[in-house]
Structures are given as structure tokens and as C-alpha cells.
Amino acid sequence: MLRTALSLLGRGDRQADRVVPPSGHTAWLTSFTAGAMTFLAVFALALSLASGRLADRWSEALARTATVRISAPPDQMEMQTRVVLDILLSTPGIASARALTDDEQKKLLEPWFGPDLPLEALPMPRLIELTEAPEGYDGEGLRKRLAGEAPGAVLDDHTRWRRPLASAAARLRLLGIVSIALIGGTMAAMITLAANAALAANSQVIEVLRLVGAHDGYIARAFVRRFTLRAFTGALAGAAAGTLGVALLPSTDAAGGFLTGLGFTGWWWFLPLALPLIAAIVAFVATRHAALTKLRELM
Amino acid sequence: MIAFENVAYSYGGGELLSEISLKLAPGSFHFLTGPSGAGKSTFLKLCYAELLPTAGHVTIFDREVKGLSRDEVADIRRRIGVVHQDCRFLDHLPLAANVTLPLTVSDREVSNDDLGDLLSWVGLRHLADALPPSLSGGERQRAALARAVIMDPEIILADEPTGNLDWDMSMRLLQLLAELNRMGKTIVMATHDLNLIRQSKTMVAARVLRIRNRRVQLAGADL
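Residue numbers (the UniProt record's numbering), protein chains in the order written: chain A, 1 to 299; chain B, 1 to 223.
Simulated from the structure, these hints should not be mistaken for laboratory data. Hints may be right or wrong, so weigh each one.
[Stated by the list, open to error] Restricting the straight-line Cα-Cα distance to at most 25 Å, the calculated cross-link-like pairs of lysine to any residue (SDA-like) are: (1) B:Lys-23 <-> B:Val-73; (2) A:Lys-106 <-> A:Ser-90; (3) B:Lys-45 <-> A:Ser-203; (4) B:Lys-45 <-> A:Lys-144.
Note that the structure is a prediction, hence the values are computed from the model and not measured.
Work out the full structure, taking the sequences as your base and the hints as a guide.
Quick look at the structure:
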């Protein structure tokens, strides 16, 4: 199928193409539809890829890390931190654990309080980051042990807020894929309508061609090549405009915000180039089906 | 070449043709006559599988038409030239491209010399680049005849080809058909012009088929 469509685009059958008169509104309608749909498909693709990256990142973080927060009077903070670290490092299933430095904690609060936060003057909890080993640890058991030996320590395994976010990101990715499928389906429907209109407008041409012994495949080819080329060129313009639009979005900031991360990375920038080819194949299949169905209705 | 066996054709609940049994021999020339609406065009359409019989059997080149695929029908039409009264062309293509259309759709080519000879034979060489809408009725008929013969068909079916032509042009077209018949082509020409049939006696040995009361009969000396 792909080879036939590409062959039709590249070499084609100029004689077959000539027998159909140049058409008016169906020409730009097909190109415009393909262009607009591909433009939207580029954004759906970018959305799908970005949400996929986000879902992966969050899922990975969810699975690997947790935080222990210690709230204690300043004179007990050092001691409780040591106790918690001992507990964590002796707990099976925890690969590593370390207390965040004051600078790291300051950096975490910077987005909300600015860079000049006097951390030492505030009753800040101490944060301990732990990394899970592949076999995993017993979260419930660890909570109980912490409650007994370091009452001010609370285990936060991020599940509460990361899991719904990761799930939402995964659904957003699915939504992007469904959008691309719907865009493809809409494009196929529009091109089929345009092809049917062209076939109806050229019924006399078809009649003459049948009279002089043209096979259905020959007649269909004349229409299919034209619509495939129109869809391809329209989609090429739509893909170029869409990719440019994505490129002009604000670049990813250090925090990796979702909206600013909507785009392609690395080789993925070449992915929109596949859309015109897909549009050409969709047009090829839709027009060929419409043409052969219409021809079968005629004697 | 074409054989009808108890053929009937019904349309809209009424029978237009019935109990037709005949054979068109190779190299024969038949006029098909009858009043308007008698079924002449329907008979010819049955001859090139544009219509299928509602009863009986039509055999073209020893192939029963009812069992043919669409592409097989197309292949048969490459061996039959058809000329209509309201001959249709692809109006966006010049005359030469229209005449060579049967070759184009068969992925065959024709030399410029051969095309020039053919257009000269029908007296249209000077109009090779003209678009069909600019042609007169007679020119269109001759162009249709050129298109019908360019594939060197074994059979030529002409449906009222002189219907829109003056007498001189009608005779010119008849002469061309007679020439083709002398070259061995089988000709069936539908016409209601009895004068034309009488005049043809000096050019060709033709038989006359008449459609009367839904049946095709061999006409007698009353013509």
C-alpha cells in the first residue's frame, strides 16, 4: 500500500491524470483540509509526546524515591535526623538515604519565598531523601518504626500526589493519540466527500472512458493520484506550519513545567515529517475506495 | 461475432425487446431501423454490454456477457468501436487526444503519422488541436468515427450517427463506414432515415434489420 501510494506520488500516470479535467473547489478544499488537519495533528502529537514524557518522569520518580520529614525542636533536630538515617539505612529495600543540606532546602523553597530566605531563622523541618532498592521496602512497617523511635518523623512516599498526576499525564497521552486518530478519520471523511463530488461532477468523463474500454483501475488512478498529491502538498504545508508553531512555544524552563515542555526533543522533531506521508496514504485509500465504489455503481 | 439467443430486455416494468435471436457474421453490414423509441439504442447497448439482457443470452466474441467482469467488459469494448448521435468527448482535451483516447486507456501509443493519416481520412487533420466544443455536428461525428476505429476494432456500432447531419455529410459518413466494411469490419448502423439506406445500395451490400413490436426482423423489399 505504502509503495503503491509513493509510486503514485513520484512517478504516477500522467496520461491517466490528464483525462480528468482540472477541477475547481474540490482541489483547494482537499489541500486545505489536509493542511488544517495536519496542523492540528502536529499539536496533538506534541501534546501526546510531552504528556508521555511527563507520565514516564513522574512514574519513575514515584517508584524510586520518598521523603522523610522531621519536625522537632531545634535542639533535638540533629539527634532525630541521625536516628532516622540509622533506621532508614538499616531497613531492607532502601538503597540510600541522605539529609538535604540547608542550601538544597532553600532552593526548594526559592520559587515561593525568593532567594533571600533566612532559613536559619525559621522553624524548618529537616528533609531526608531516600532511594528505594529494586526489591522495594515495607512502607507500613517503616512508618510504625519511625513513629516509635522518632516521633517527629513522617514518611511521605509521594503516592498521594504523584500517582494521580502520573495517571492524568498517561490519560493525556492517550487523549493525544485518540485525537490524532480522529483527525486522520476526519481527513479521510473530508477527502472521500471531495472525491465523491469530483466523481459525480465528472460522470460524463467516466462514461466516455468506460465507452472506449478503460478499466476501473485506470479511471480510479486518474482521481486517486490527483487527490493523493493534493493531500500530500496540503499536509506538507500544515506540518511545516504546525512544527513552526511548536518551535515558537516558550522553551522548557528549569522546573520542567508542563506547558513550557510542550514540544519535541531530539530526533522527535522529525516525527511531524511523517504526517504528510500518512495524509497521502489516508487520501490514497479514501479516494481509491470512493472511486471504485462509485464506478461499481455505474454499468 | 455477436449472437443473440431468445434475448429480452425489460425496463421499468415493460418489455422493450423480446425474443431476439440473431447472429452478426464477421464482415457484415447491417442497418437497424425502426421508429423512435422502438429500442434501436437498447439493441446496440446490448451489443457492447452497456446493458445486460433481462432474459436470454448475448454472446460477444464467444463470451457470454452475463458472466463477464467489469474489466472483461472493458476489454471487449476495446474490440468494438461505438459512434453515438450525441457523441461525447473530453472537452478539455484537443481533438487529437480525444481520438487517441482508446489507445491512451489501453497504455498503447500511436505514431503521429498514423494519427495524421486517420484524421486526414475523416477530413479533420487541420482540426487536430481544436477543442471538441468548437467542432460542428459533422466534425464531431467524424471525430467520433475516428476514435471508434483507432483501435482497429472488429465491430463498429453506430447509433443514429447521421441524426444531426445534413444530407451531404450523412453520405460522407456512410461512405466512411462502407470503406471500413470493405476492410472487413462488421458494421451495425442504427438509423430511421430510409433514404440513406436506399442510397447505400450503391456502396455496400447491407442487410436491414427492423425493430417492430419489440422484435427484430429482417426487413423485406418494402424499403
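Hints, verified against the model:
Restraint check: the Cα-Cα separation between Lys-23 (chain B) and Val-73 (chain B) comes to about 19 Å, which is no more than 25 Å; the hinted pair holds. Our distance criterion of 25 Å between C-alpha atoms is broken by Lys-106 (chain A) and Ser-90 (chain A), whose separation comes to about 28 Å. The straight-line distance between the Cα atoms of Lys-45 (chain B) and Ser-203 (chain A) is roughly 18 Å, inside the 25 Å bound, and the hint therefore holds. Taking the CA atoms of Lys-45 (chain B) and Lys-144 (chain A), the gap is near 94 Å; set against the 25 Å cutoff, the hint is violated.
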